[in-house]
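Asker: Sequence:
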Amino acid sequence: MYDFVVVGVGPAGARFARRAAAAGYDVLALEKGEVGTPLACSGHVSTDVWEYVPERAKDELFQNRIYGANFHVGGPDTGAHRFYKREEISNVIDRVELDRTLADLAREAGADVRERHTVTGLDERGDRVVVTVKADGETWAVETKMVAGCDGPVSRVRRSLDLPEPAETLHGVLAFSDEVDHGDYVDVHLTVPRFFAWRIPRGEAGVEYGLAAPPGASVNEMFDVLTHAYDVDTDHFCSGGIPIGPPERVTTDRAFLIGDAAAQTKPFTGGGILYGMSAADHAMRTIDPDAPETLDAYESAWRADLSREISLGHWVRRCYSLPEPVQKLGLRALSGEIGVHMDRPSTLFSREGLRKLVSR
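Its first residue numbered 9, the sequence shown is counted upward by one per residue in this note's numbering.
Hints were generated in silico from the structure; no laboratory data involved.
Some clues are possibly wrong.
Subject to a maximum C-alpha distance of 30 angstroms in a straight line, what follows is the list of computed BS3-like cross-link-like pairs (lysine-lysine) [as the list claims (entries may be wrong)]:
| hint | residue 1 | residue 2 |
| --- | --- | --- |
| 1 | LYS66 | LYS40 |
| 2 | LYS40 | LYS153 |
| 3 | LYS40 | LYS142 |
Computed Cβ-Cβ distance ranges for the label pairs, DEER-style [unchecked claim]:
| hint | residue 1 | residue 2 | range |
| --- | --- | --- | --- |
| 4 | SER367 | ARG136 | 54 to 60 angstroms |
| 5 | ASP313 | THR55 | 53 to 59 angstroms |
| 6 | ASP241 | TRP148 | 45 to 51 angstroms |
From a predicted model like this one, the values you see are computed outputs, not experimental measurements.
Beta carbons: idealized from backbone N, C-alpha and C, even for Gly.
Hey, can you work out the whole structure from these sequences and the hints?
Answerer: What follows is the structure, encoded as structure tokens:
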């Protein structure tokens, strides 16, 4: 009988497995493929990411520093409105190596992390959850007091336990060119219905191009338009779902969701690495596998931390669909030096955020 079975070993799952194992719990963490693959997420993150990995990992993970963003209402040949800080806002990192580093930290803490193990079923009972696992052509069952569903936007845990689906799932695509670019700014193009396209300089690692759009939009065609406008060839094409929410409930009697499975993402960028790991910490602080009622405390804790940011993120995202003249007017009025944290829209109303805003 495990204390926790963690399904999915991305950043959220690895973080929870590490913290739970370090606290003395018996943890089994299962990843259906190899940790970190296939890549389906950008490696552009706030500098807060370094709080979650040891100092020794930074040299291997780090690719470029970012100081702001150039916003376009058209293609790369249109005028840009720059939003920036004088200190670095974010970093570009090796996304695959981040996952592997976090998984290794979970192993070092004592979690039993197994790759190429697919969860095929869950049976939630009054005093346990029976998890059916398949690997190497064999199928067997393990028992656990609780299950942590950290298995991404198309979560088997969520669907097996009839938890609510995210309000929306965008289709994201990205690919890479071999351009060497140590530029200080990402480019954001408000040319995609209800979302945007991007270009991210990754230093010696090349340049990332990507976009996300609602279901039904022709993302591949839009991506071709984007790369044609930049006159580049790309490879390592990746795609995946970006859940936007969150749903009303992410817990059952003996299971809980973290990260993309819980739609704990930023509605205005789709990023969820830091939100997911923050929620994993809340789960560790609040959940006792011997006391299922503590799952209510997890629901309250992560929502108290993130719900305001997510709500404000929805308002930011609405601006992507404003008429072009209104977009241009707003970008012209608000561009310049900013005091906003990229993961925390509420910091716009902080002393620094308001001071930068009114000083224009």
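Asker: Now, for every hint given, state plainly whether the structure supports it.
Answerer: Hints, one by one, checked against the model:
no. : hint                                   : in the structure
1   : LYS66 with LYS40                       : holds (27 angstroms)
2   : LYS40 with LYS153                      : holds (21 angstroms)
3   : LYS40 with LYS142                      : holds (9 angstroms)
4   : SER367 with ARG136: 54 to 60 angstroms : holds (58 angstroms)
5   : ASP313 with THR55: 53 to 59 angstroms  : violated (19 angstroms)
6   : ASP241 with TRP148: 45 to 51 angstroms : holds (46 angstroms)
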